[in-house]
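Sequences listed follow chains V and E, in order. If you count the first sequence from 1, position 295 lands on 295 in our numbering, and the numbers rise without skipping. Add 1000 to a position in the second sequence, counting from 1, and you land on the number used in our numbering.
I should point out that these hints are in silico values taken from the structure, not numbers from a laboratory. Be aware that one or more of the hints could be misleading.
Derived DMTMM-like pairs (lysine to aspartate or glutamate); straight-line CA-CA distance at most 20 angstroms [stated by the list, open to error]: (1) K197/V with E1615/E; (2) K1550/E with D1338/E; (3) K294/V with E1363/E; (4) K284/V with D1143/E; (5) K197/V with D256/V; (6) K294/V with D1280/E.
None of these values were measured; they are calculated from a predicted model.
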Amino acid sequence: MRQMKLFLGPQHPGMHGNASVHLFVDGDIIKRSYLLPGMLHRGFEKAMERKLWVNNISLIPRVCVPEPDINEMAYAQGAEKLLKLEIPERAHWIRMIMLELARISAHLMSYGGLGGPTGHYTLMYHAHADRNSILDIFEKISGARVYHQYIVIGGVRQDLPKGIEKDINAFLDDLESRYIEYRDLGIENPSVIARIKDTIMLPEEVVWELGVTGIGMRSAVGKPYDLRKVMPYARYDQVEFEVPTSTYSDARSRVDIKLKELVQSISIIRQCLKKMPEGPVRVKPSRGQSMRWKVPKGYVYSPVESSRGEFGYYMVSDGGINPYRIGVRGASYPQGLLGIEKYMPGTRIDDCALWVDTMGICSPEIDR
Amino acid sequence: MNTIMTEKNAAYLNDNAIFPLKSRLNSAPRTAPDTLRGFHTNDWEKCIGCGTCGEICPTDAIRMVERLDLPLVAGAHQQRPVIDYGRCCFCALCVDTCTTESLKMSKEYIYSNTDPDQFLLMPEETWQGRRVEQGYVKTETTDLLDLKRVEMEHLTPKERINSYIEVVRGYSKEVARQEAARCVECGVCTTSCPVQMHIPQYIKSIWEDDIEGALRQVYETNPLPGVCGRVCTHNCEAACAIAVRGEAIAIRWLKRYIIDSAPNDMYELIFNEPVSEVIDAKIAIVGSGPSSLAAAYYLRALGYGVDVFEERPRAGGVMSYGAPQYRLPDDAVNKDIDFIKRIGVNIHTSTRVGTDITLEELEKKYDAVFLGTGFFKARKLNIPGSDNQDVIGAMDFLPIARDFARGLIKLDDINVGKSAVVIGGGDVAFDVARNLIRIQTMKYGQADVKLTSLESFDILPASMEEYTEGMEEGIQFHFGFGPQEIILKNDKVEGLKVYKCTSVYDQDGKFNPQFDPTKGAFLEGEQVYMSIGQAPDLDYIPESLKSVIKIERGKLNTNSLGQVEGADWLFAGGDIKMGPDIITAVADGHRAAQGIDEYLYGKAKKKATSEYYNELRNAIKFNTPDLALKPKKH
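Just chain E, with the same shape it has in the complex (with noise of 0.2 angstroms):
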């Protein structure tokens, strides 16, 4: 008898004698062709459970089942497909959208149950337990994504080395919006942002082409999107599901499309003014980078009065005086800190705290006090020859250039030598090198810069990006290397002695550089610019604020909402409490936010509120995990 059965019919036959034979009945199904489509196999190592299979199924069939067993990691939701296999019509289309392709069919096309209930179920590796073969599995013909990123236009190298016009040029609609069909809306991004960014709901407003949405849904967690937009280190591009097996949705650029794009009067639109009726307390900001911005904003949106002090004659402290005019144009930051101070924040620029006003002094005056002053001091490096003139810090290097790209400073005034080395291999070192690379060639005709770093190529810190565009315009490398002395002859910098950098790190993971003195090499350059780190400048601080504070490593020891350990009326954010990137900073200007407002509910200083109001205020605070996690490897 040629059986085409399953196992449990064959056993049921068998165990109650439906057909008397003598030899027992056999579960033998035909072999299926190779591309069948039958029932589904997952592979869960695999699987980010971004739920698009459960999106494009026609009949509903697919389901998305919370696991919570399976690791929290960014790029990864906790969740798995469960199918009913009473509505699955075997069409595929789950197959062929599936963006890590973990999903696919196999050759095994019976099964039966008595009870319904065993119709749903959640592919696995295996098949009822079994290793089965593949059946139809996806293909480069198939595949319903789009993998490939629309192009984004940039200068060209020879454009750009000579002006400080920005290097990106920006999507237009037309290319913001295929960028944008691009997503899949499954939001494995948002928990890699610090900010928990409404990444997917932005995007599909700009496919939709609703940029007041779009806006309305970034200013809800990032009040600087013009400038994340541009400079964030974009960790949800790593953890976009596309990217799994394409080129990630260009979710920065995107970002930025959204603010290019949006009239100023529009901004108007977006923001909720009753809540400021109800609170009756003032905050101090010290100064305006992005974690003070972000502060400001969100205290003023609750509601309280905010006043920043900037030491400095612009607003926006790393935005406007660290990263370079080519990546982040005055333009932007303007954008983002003009709706900052149209909303009613008052920004008390040239205003240094600490002489034109004490510490002590804003605690009297204020109920409470935001730190936000970044790491602005250059660290150096302590090797023979380090304390000549020539040899500069990053921090004291890029304001000047900065203030130069704006027109401040003269270009006879700038102090920058025909040939520079530039020790570092961080974003701020390429960033360095590449304000000198135009520098030298607008004052000289050309260029001759060397950068030089601990790392190899392969561990280096700076983003690829930086790398490429840094080539192009000329640098040259010199990878692993480990400054020894800065060459000095008539006490006019000759050069750098470096040795080969045999690693970076110890067994235990601790920076711990070993470097192999025979194999040595000899940077000429007139100028040595450091890279190496950043230092904050905390002496505002009074002593006998020290004293009850903790203060490690320039970071001041805070709760999760950036409140300081041993004085209740103070909060940080930004480099001075955990750093590294802006959008850190932003999220801790949110949180801090809300601290600042849960310290002064406790306090009550506070008017009666009303239901409605308190489910406004609910709605402008963050809810989130403290750390953005880590994008899972692929």
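In isolation and in its complexed conformation, chain V is listed as follows (with noise of 0.2 angstroms):
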């Protein structure tokens, strides 16, 4: 039989971000794959070096587009961690906020991205069309729909706008109404769940073996390992929530697995719209104009659980304006690199847009 060389993306529906995933397939059988990243914004963990420890705020939300607040909180919390800082209480709560405002938009998208490769565009219409609600959110409380820039050292850039509590609860109390919905179009759907039940595996060896985190994880092992539980950051101690998990991890189950984060998600920010305190949300990491703000000397690595798992920056400063080294921990790095090329092959080339969907792969982690 003749091999056939495929390539999925970079201008594809079914691929996530500007990254291709070659394929060599035999029939509609995957033989061999690999990604192919580099087509997105590269050097990031260099760029990083070159820039202040206060411009860096304006490049790091890049790493992860979807999710980019992910990316500040680990940011800030490292650099207040290296300064020894102590932020406002009130900015702890609206970091969760946004965090958890962020993970909802995630995983909409990441939901409505389903909709693309099994037909069913209704979902993805009607993920976005939510997700754009919290976009608009997002523009109202940061100034920016897509790049926020609204965590930064020190606490959050400026306060809530007024009024913007009514705007949440409207928006949650929506998507917590059409939450059945949702799942009618989805995972409940026959024909969906003819392409996703048990199949798109991801056994607990291969976690181990790739170091897979979050719902990936969470899916396989059944142990609810969430660094808000285990490592809380910002006030994640203070409020209830739930760490769904699973012992058998197809695509359904993870899939299944984000829904249910979805309900939690809107619990926390509830608690936290209710527990949030008044007071100032900001204070300066040190004396001096923002461009001779120094960091003193010391290393730090600063996790998050984002939407696809632990997110973490390890950030190293020699004392000065700016950081000497920073590396980033993609959550999705380990399935999107390695996975694709091990764990891919076997499946069949319409499974492909939804590997990538339901392991929760966002290219510029990949290339950062």
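Fit the two chains together into the complex; they arrive one by one in their own frames, and the hints show the way.
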């Protein structure tokens, strides 16, 4: 039988971000595959070394476009640890609201992404319309829709605008009321189930082998390993939420967990809005003007739980006005780069887009 | 059709009938939220062209473009930002760091053009010629500048009224670096400084903890930094970009910090030796005040032999005999003068030109002569009773007070009464009053000093810090009164009669005080001190010379480089050229050094030079507009 070479992406509706998967197929079975990254923003880590601590905030959100806030959080949190900086209480809660809204938006985008490869565009339209409402909220809070540049060293950039609680609550109520509809459109829909049930597996051994975290790990291992629980940052130790798990990781079960997390995120945001105290939202890292802010010598690993798993910045400072070295742990790096190469072969061509979607691949994380 | 498009889009689609609609397409973008980071607007009235927006821009999208049509004033550059919207990422750090709050962001977010050059825009108050709503603007939370000055330690009033210990204690290294970190390096201060000191550069060196580099920068333009770091009139701080909204960088104290922390042997590293090999000429300098010493330093740096003649036993002129010890201690003056001596300037003290050596002799012996004799004669008001012995001029009293502070005069020998009235509203009047407070407290255990000036408080010529410190020390102020008569009884001063001053200047802005005799007052005091200005003592200039040169109101007519008109070998600087402060005198000295060098080159009093030496010569010279610019009013 003759093998054929196919490209999935970078310009393909089923591909997530500007990366390409090279497929060598025999009939419709993938025999060999690998990811071809490097088509998106590159060299973040190096570029960060040349920028000031303060103006890196315009660069870092680009490391993950659908969920940029985790970058800001990991960076700000790490620098604050090096600076031994206590940020105002209110800032912690605002950060959590931003992070959970971002998680919902990322999950919606990914869930909507299920609609493309399975031919259920209604799902995609609904999910993106709801994500648009979140972007409107982000725009009101931070002044920008996608690259918020809102979580900064020392807190958040500015206080929440007046009346934003109303907007957020209205959105959460609306989303919650349509939760069942969302399930019906996607993972309860028999024709979708036929595509995602008992396929695109992620067994426990593979999780340990590749170092998969997040939903991939929780769906396979059945343990609620979530950084918000095991290493609480911000004020996650003061809110109540569950970490959904399963012990059978097929594509459907991973998507199911995503939807369950959506409900948890809604509950976290509501708790934050209730518990959030009044007060200042930002402190200055040090005296002087921002271009002369220095961060003391030292190194720190600052992880956060992204929608795709553990996402962290390893930061080294030599005491200057620029970071000395920053390394990013992209949450989807293991499954995206290694998983595609090792575990995608054997599936079918039409599974490829679903593989990439349900594994939660974000290509700039790999390119960074 | 819900259209989100620019006016240009809509026009294009309508004109080319892309959509054959019955009604025309409209441009109706949705309204953005209040904090949207949209296209920039810049208020040109407020903008000072400091360029801080371009410095912080993470994408290098902002470039400063020269606009020579803008007025040239201190505290502003003739430039405005241009933003490349192909690079801009709308992070708004430029807004957060804007020193004047002129740069803001609008709610506009749609713009299209087929010409790539049209994405380079110079933001103005309007966007595309329209007034638009403000989007993201700077708030106190988002401000990236540090508007608060680091606290400087001062002696408490109690500690200072019976001692001559320096009031301002100076910065420690840590505090100085904190203060230096506030500077945005825009350089608007430089043009306001008469000597155009390299202020951003030395502040940066302080922040980098590079004292040698800072010292090098300072000595490029000012050989008396220890003095200027204490008593300069600091126009730079009025011009400072941070001062638009906050407290100016403490430029003067930072300069002082450099000198205080530079060890003596560091000075050897910054002086360029080789230039001294090339020129064979000698210059005499009359007087050893700030302008004379500045001229001496730079002439010596250019390689000339320099002799300075000073009539008093100490060099320094107003620095050693005018300014009070508690503001400018001898140590600081000596540190500056010692370095000038070390590089080979000969200072002959106790040598009065005119008696010990005549000006004619100097003219014969030297190739050029510089006069920097200053205003050392006290001026007195001509009112009844002013010829009494207890009516004392400021410049007669201050040198005595200074010698007393040095311990050269005993407390009992000093003629200070139990109470005194000081006339004048300038810094010198405050020097007199605060000296009196100290001497009276030491002598009698208490002080009674009244200060009266024609000017009311809001137009007081003295600096605010003199006023606050004077008030803390217990001076009683009577602002807005004009002295009429000194009341005597048995040839002893009883006090001063004053009338309320209704206006100081007439409609043309000329000095013409008007009094209201119905509102008078009597200020009691055993002595009256007059500090209403000083005059030069030009007796040493021979009549033959006076006939060829022009002297107007005590000032010599010179060209911009200090060359006296009518006598090309003669140069002048300081108070007798223009005045009024130490830093202007330093500028005069530096310019005169350049003038003398050019004059002697013209006369070919030099050895053959190589290009290398010429380069070094030019590096030492001074290149600046004639006048320091007046700070823009904020």
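Status of each hint after checking the structure:
As the CA atoms of K197/V and E1615/E are separated by approximately 82 angstroms, the hinted pair breaks the 20 angstroms bound. Straight-line distance between C-alpha atoms of K1550/E and D1338/E comes to about 35 angstroms, which puts the hinted pair past the 20 angstroms bound. Proposed proximity of K294/V and E1363/E is contradicted: the alpha carbons are some 59 angstroms apart, above 20 angstroms. With a C-alpha separation of about 10 angstroms, the suggested pair K284/V and D1143/E falls inside the 20 angstroms cut-off, and the hint holds.
Of the pairs offered as hints, the one joining K197/V and D256/V holds, with about 11 angstroms between alpha carbons and a cut-off of 20 angstroms not exceeded. At most 20 angstroms may separate the alpha-carbon atoms for a hinted pair to count; K294/V and D1280/E exceed this at roughly 51 angstroms.
Going through the hint list in order, the structure does not satisfy hints 1, 2, 3 and 6.
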